[in-house]
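Chemist: Could you put the whole structure together from the sequences, leaning on the hints where they help?
Just so you know, the protein sequences line up as chains A and B, in that order.
If you read the first sequence in my numbering, its first letter stands for residue 1, the second for the next number, and so on.
If you read the second sequence in my numbering, its first letter stands for residue 1, the second for the next number, and so on.
What the hints contain is simulated information worked out from the structure, not anything from laboratory work.
None of the hints are false.
Which copy is meant is left open, so a pair is good if it fits within one copy or across any two.
Listed below are the simulated DSS-like cross-link pairs for lysine-lysine, each with C-alpha atoms no more than 30 Å apart in a straight line:
hint	residue 1	residue 2
1	K225	K39
2	K147	K217
3	K39	K147
4	K97	K11
5	K176	K39
6	K217	K176
Bear in mind that the values here come from a model prediction, so they are computed numbers and not experimental data.
There are 2 protein chains.
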Amino acid sequence: MIYALILAAGKGTRMGNVDLPKQFMQLGSRPIVIHTVEKFMLHDALDRIIVVAPQDWLQYTTDILNRYIGHDPRLMVTAGGPDRNESIMNALRYVDKQFGIQADDIVITHDSVRPFVTRRIIEENIQYALETGAVDTVIPAIDTIVKSTSGQYIDEIPYRTEMYQGQTPQSFNARKLMHLYGELSAEERSTLTDACKIFTLRQQPVRLVRGEVFNIKITTPYDLKVAEALLEGGTHH
Amino acid sequence: MIYALILAAGKGTRMGNVDLPKQFMQLGSRPIVIHTVEKFMLHDALDRIIVVAPQDWLQYTTDILNRYIGHDPRLMVTAGGPDRNESIMNALRYVDKQFGIQADDIVITHDSVRPFVTRRIIEENIQYALETGAVDTVIPAIDTIVKSTSGQYIDEIPYRTEMYQGQTPQSFNARKLMHLYGELSAEERSTLTDACKIFTLRQQPVRLVRGEVFNIKITTPYDLKVAEALLEGGTHH
Numbered sequence: 001m002i003y004a005l006i007l008a009a010g011k012g013t014r015m016g017n018v019d020l021p022k023q024f025m026q027l028g029s030r031p032i033v034i035h036t037v038e039k040f041m042l043h044d045a046l047d048r049i050i051v052v053a054p055q056d057w058l059q060y061t062t063d064i065l066n067r068y069i070g071h072d073p074r075l076m077v078t079a080g081g082p083d084r085n086e087s088i089m090n091a092l093r094y095v096d097k098q099f100g101i102q103a104d105d106i107v108i109t110h111d112s113v114r115p116f117v118t119r120r121i122i123e124e125n126i127q128y129a130l131e132t133g134a135v136d137t138v139i140p141a142i143d144t145i146v147k148s149t150s151g152q153y154i155d156e157i158p159y160r161t162e163m164y165q166g167q168t169p170q171s172f173n174a175r176k177l178m179h180l181y182g183e184l185s186a187e188e189r190s191t192l193t194d195a196c197k198i199f200t201l202r203q204q205p206v207r208l209v210r211g212e213v214f215n216i217k218i219t220t221p222y223d224l225k226v227a228e229a230l231l232e233g234g235t236h237h
Numbered sequence: 001m002i003y004a005l006i007l008a009a010g011k012g013t014r015m016g017n018v019d020l021p022k023q024f025m026q027l028g029s030r031p032i033v034i035h036t037v038e039k040f041m042l043h044d045a046l047d048r049i050i051v052v053a054p055q056d057w058l059q060y061t062t063d064i065l066n067r068y069i070g071h072d073p074r075l076m077v078t079a080g081g082p083d084r085n086e087s088i089m090n091a092l093r094y095v096d097k098q099f100g101i102q103a104d105d106i107v108i109t110h111d112s113v114r115p116f117v118t119r120r121i122i123e124e125n126i127q128y129a130l131e132t133g134a135v136d137t138v139i140p141a142i143d144t145i146v147k148s149t150s151g152q153y154i155d156e157i158p159y160r161t162e163m164y165q166g167q168t169p170q171s172f173n174a175r176k177l178m179h180l181y182g183e184l185s186a187e188e189r190s191t192l193t194d195a196c197k198i199f200t201l202r203q204q205p206v207r208l209v210r211g212e213v214f215n216i217k218i219t220t221p222y223d224l225k226v227a228e229a230l231l232e233g234g235t236h237h
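Modeler: Here is the structure:
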């Protein structure tokens, strides 16, 4: 089985003085999360597409899925956790209870606020997750990357050709992900800002998939403006 | 003296099938480079603002400066070199010949295709260049940063809180910059993708100035679309 988790459990409102979490804001004619779900619905290879929503937005999420997409047996909604990785684990436990996770099952995790993901990116995530067990979608670093522990002075400027900027999807062998996460200490878990790091912390290989510059994450009013321009211009086609 | 170098010597045409280097393309009612020069013109602290143009675009650059800005004794045009750092050095040699670079002189280097630089960013560049001798303008890394030497598998996912994305301006004590660059080997020069690295290679301190997310570099048609949206929306004010 191949499961897609659409991570929509954030309640951040960096959009300003609005109460609506950003994934539910309108982009063109539909909420951002609906655009994202639609991209995954187009893939026959996906057995289930699970929207991971905040506990108190579960009904709202179900309502907009019904309204904009309608009933689809592949589509499900479940509650997230206190952070990104806990949301993934909650969803995997839910999947495990519903279907029983098998040794070869793949989970594709994707930000609900990255609606411009492409068919190629999803396909390569599936292919490499089957081959390697862990996949990260990245683009070559556009900017020079600078390391500073103090935040005041530069420690190091790594070679730009070796640096990449992470996007999503991130895809994994579902059982291996649960297993590795279960083995991490509380301290290790607290330093995780990224699911792929669960693998790199244990020296497990993570394959790269080439993302796209336009596969942006919409988190600010500025990003939403860019997204509207992308949607109108169709630069992403 | 405080000199600003507006780096416009690139001939890249990633914009697609156009012959016009990107810095000369229209953004709203004026060429991109004109917007950028105007931001620096507003600063009384700057003694000279020098546009560093490709050799065969010198007359064109002079013409558009005259047309959109008019005559200003602070404004000059000179030819760049084969790469970014050589362009900076060519311009500094030109400045040295014209005015004689003094021990405390500062040079602010800025991408001509970053028209959304702010007054605060320029002021802090001047202040810290006077204090520390080298300044880089950066924003905290928005994306997870991934290191991969193979381009196929992840080597490392550094702590995101220690990673920054470089912008410009980059500002320096002019004499120290020339001196350090002169001391580098040909091999060291060939690995430089960034002027600040001239300082870090010799363990010289580089101070960070906080940039802005909207201080974008316009290099693709997608960026130009974003820039048009920024210009209309005025998000950068």
